Amino acid sequence: MTQNYLLILLLTTTVAAPARGQLVDGHEVDPIDSRLAARWESHGLQPAARCTDGQFLRRLSLDLLGRIPTEPELEAFLQLPDRSAAIERMLGSQEFDEFWALNWTTQLYGYAENSADSEMLQHWLVEQITAQRGYDETVRRLITANGESAFDGAVNFLLRYPDEPVVKVSRAFLGVRLDCARCHDHPFDRWTKDDFTRMNRFFAGLERRDVAAGNARLVDVVRELPPDERPRFLTGAQPRTTQWRSEFALFLTSSRPFARNFANRLWYHMLGRGIVHPVDDVSRENRPAVPELLEWLADESQRSRFDVRHMLRLIANSTAYQLDSRSQRGDEERLRLFAVRTLKPMTPEQLYTSTCVALGKPVNPDERFQFVRAFLADALDGDFGSTWEYRETVQGLMSRLVETQIPPTRDFDALFRRILSRAPSGPERAALASRPAREVGFVLLNCSEFAFNH
Amino acid sequence: MRIPSTRRRFLQGSLGGLFGLAMRHRAETIFAAARPGSTKRCIVLWMAGGPSQLETTDPKPGAATGGPTTSIPTAATGIQIAANLPELAKRMQHLSLLRGLTSPEGDHNRGEHYLHTGYPLVQAFPRPSLGAIVSHEHPPQDIPHFVSIGARGFGPAYLGPDHAPFAVENPESAVQLMTGLRRQRGLLRELDAFDVAFDAEHADSALQRRRASLQRVARLLTTPFVKALDMQQAAPQDRERYGESEFGKRCLLARRLLEAGVNFVEVTHGGWDTHDNNFANVGRLCAEIDRPWSVLIDDLRASGLWEETLVLWMGEFGRTPQINGNNGRDHFPKVTPVVLGGGGLRGGTVHGATNATGLEIQSGQVTVPDLFATLVQALGIAPDREYRTEFGAIAPITDHGQPIKELLGA
Chain A
116 MTQNYLLILL LTTTVAAPAR GQLVDGHEVD PIDSRLAARW ESHGLQPAAR CTDGQFLRRL
176 SLDLLGRIPT EPELEAFLQL PDRSAAIERM LGSQEFDEFW ALNWTTQLYG YAENSADSEM
236 LQHWLVEQIT AQRGYDETVR RLITANGESA FDGAVNFLLR YPDEPVVKVS RAFLGVRLDC
296 ARCHDHPFDR WTKDDFTRMN RFFAGLERRD VAAGNARLVD VVRELPPDER PRFLTGAQPR
356 TTQWRSEFAL FLTSSRPFAR NFANRLWYHM LGRGIVHPVD DVSRENRPAV PELLEWLADE
416 SQRSRFDVRH MLRLIANSTA YQLDSRSQRG DEERLRLFAV RTLKPMTPEQ LYTSTCVALG
476 KPVNPDERFQ FVRAFLADAL DGDFGSTWEY RETVQGLMSR LVETQIPPTR DFDALFRRIL
536 SRAPSGPERA ALASRPAREV GFVLLNCSEF AFNH
Chain B
-15 MRIPSTRRRF LQGSLGGLFG LAMRHRAETI FAAARPGSTK RCIVLWMAGG PSQLETTDPK
45 PGAATGGPTT SIPTAATGIQ IAANLPELAK RMQHLSLLRG LTSPEGDHNR GEHYLHTGYP
105 LVQAFPRPSL GAIVSHEHPP QDIPHFVSIG ARGFGPAYLG PDHAPFAVEN PESAVQLMTG
165 LRRQRGLLRE LDAFDVAFDA EHADSALQRR RASLQRVARL LTTPFVKALD MQQAAPQDRE
225 RYGESEFGKR CLLARRLLEA GVNFVEVTHG GWDTHDNNFA NVGRLCAEID RPWSVLIDDL
285 RASGLWEETL VLWMGEFGRT PQINGNNGRD HFPKVTPVVL GGGGLRGGTV HGATNATGLE
345 IQSGQVTVPD LFATLVQALG IAPDREYRTE FGAIAPITDH GQPIKELLGA
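Chain order of the listed sequences is A and B. Quick note, the working numbering runs 115 ahead of the 1-based positions in the first sequence. Mapping of the second sequence onto the working numbering: position 362 corresponds to residue 346, and the numbering continues sequentially without gaps.
Excised from the complex, chain A in its bound form (with noise of 0.2 Å):
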């Protein structure tokens, strides 16, 4: 039963569709928003309007380089407000390497208190993204890494995880959840406890020794096993050399799953929400609320690469990712099929960043590091896979909100331009015009407006 599921699962494939549009009456159609189009039109909802320039500006800026634009950035794009040359800007510039590498350390490390091993594989995986590495090659990479930890950055991926690694590689790269199967079958789907075991075993030869204080190395041992004792993959497949982790990488990457997975999570980071929601649980229960548009996706993953850079053009491009986040209760199912943008909450990364572009503050990576542990209120175990969970704590906030900010400017419109990206409503003025400049700051940089990339 679970084979021919997931064989069915692992094989189907759509026709390939031309990863540019099709041309209808002469006019190029978006293969994204033609899909999404339909599914609104057949479900009889109105998409939202188009977000502002401005609003455009500062959620492209966040998700792309992770932190809100400049005063400059914001006045040179609403003079040619050329939204494609600004996604192309952001896409080539070495913050987006930084920022996405950030990005990925947090969701594949974690946090620890020592950071020393999580720097080394951000700093290998900047390489990879300024090397323009393909990430199904990145992943198979932090698959088969061998290595000390000091030197060999991919290699700390698989030494954080000693026990049970299969339980973070399907999460991460799969999006499915093994956890539950690694004490009893799964309640929902149909991974079995013995699926569970069988894919752990492709790490059975793995083995962390500690060769110097605070440095590891991962090393194989080659391990004999009866056949039926053997690793399996949950498509059937099973390890035909003693390159057990070598087989696994290429069964992983080349498998449909880690396609839709891929894409489905690059979709998430920019929408807000995955098309199978949460990302982290695909299963039978759980089906993509637009199937024709994650098949495509997953399509334009394998035919690219998986050229992350080309991805999230495409996403940044479409029309879906350009609504307005303006909704109200009984929007569920806009949201759902993505008819109204939904919101964000900044990541405490993000929102470290932003702070110091609006204070005119340098960077810092140990104060940034510092925040994360207020943001958190030192909760810092954890899984972070899902990278829009809201996780700020009741505590986390209060060491905010009694922080003193320097304000940059005293200049009450240059406040909201350089903190909220956009000019004072009349109503704001009247509230707020003649408070000294550090409650005005105080009220922006707290308010949820800041909080939230919309």
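Honestly, the hints are just simulated from the structure, not real lab data. In this text the structure is predicted, and so the values were computed from the model without any measurement.
Stretch by stretch, here's where chain B covers chain A in the computed footprint (C-beta under 8 Å, at least three residues):
{"#": "1", "segment": "514 to 523"}
{"#": "2", "segment": "545 to 558"}
For lysine to any residue, the following SDA-like pairs were computed, each having C-alpha atoms within a straight-line distance of at most 20 Å:
{"#": "3", "chain 1": "A", "residue 1": "K308", "chain 2": "B", "residue 2": "D383"}
{"#": "4", "chain 1": "B", "residue 1": "K318", "chain 2": "B", "residue 2": "G348"}
{"#": "5", "chain 1": "A", "residue 1": "K308", "chain 2": "B", "residue 2": "I378"}
{"#": "6", "chain 1": "B", "residue 1": "K211", "chain 2": "B", "residue 2": "E153"}
{"#": "7", "chain 1": "B", "residue 1": "K211", "chain 2": "A", "residue 2": "V517"}
{"#": "8", "chain 1": "A", "residue 1": "K308", "chain 2": "B", "residue 2": "T373"}
Examples of chain B residues toward chain A, derived with CB under 7 Å:
{"#": "9", "residue": "Q107"}
{"#": "10", "residue": "L175"}
{"#": "11", "residue": "D183"}
Cβ atoms here follow ideal geometry from the backbone N, Cα and C, with glycine treated the same way.
Given chain A, put chain B in place with the hints provided.
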């Protein structure tokens, strides 16, 4: 995070601003507190580093492994403990000892995780700490349910950030935080007014949670929590009884927080990793905890909180009966000492026994999941309770442990 829907609607539907809401909310809390059959409360005295059972609850005088530690009789007939804890010995009729608890985790991090959550550490599947569970099982209130004194405490995992420990590294800075916020009250009101427009235009659960958090902050400032944290306001005779040691102050703070409405307090006392010079060090550590721990028991018994409050003493593991070359003892999870009392538990009992050398458990062996099943049941929570993680995985409250019936009262 499972806020009953009525309360959620109440929070969403409010229009009256932070402070109006704060006042209206108080009435709700009072009714909630009066609910019958509610979950009990808990104080954990956490001996960071791993306390030696041979110098505390299970001395072996005369054995080669016993070292110079002697034993004394206690108020409970037939029970002897180490002479390091004379005050505690006088209160043994109210306490129970676990001498047969065994754990496989001999690493500090893994042991701490195991004894805080009842589950072995799996990085990709974090488990909630007992404090987060107790927080989750109590109805929502303005005062934090779960406070960790002297350490950051263990997190709520899938139970959500609302059940994270309120960490008090030191009371002075916590008081400073509160007074700082009180000074900002005008600005908080300004912030609340500013948020109205944006919040009204967006239907989003994270946005509502942030708004609820801001409201919680505002309400917290009106509770006795701030006063309880301020040790300057403690009665001088109390401060004298608990002593001026760090642990003494923390125990007094724990009592004050409990009285103010906190339901789970963890007090950390460090230094128990006695690989070197074990006997002098543990002697000193015991002298630091003996009196405050005993005074805490007396006070809880006098105020009537004892019956509804579980008091636990433990660390991440026990220590080796073999004495190493530095006159110290190393990690020995095989025997992990625990002292329990209050919360309706039977007093004056010992569960389990080690052999003459302390190297083997002879009878009454129990596991960490068994301990957690016992604690959960004593706290008034069904030990077969199951949670669902945010992604639907079933997470049993304990890792298939069996409650230790002998401890669970008549």
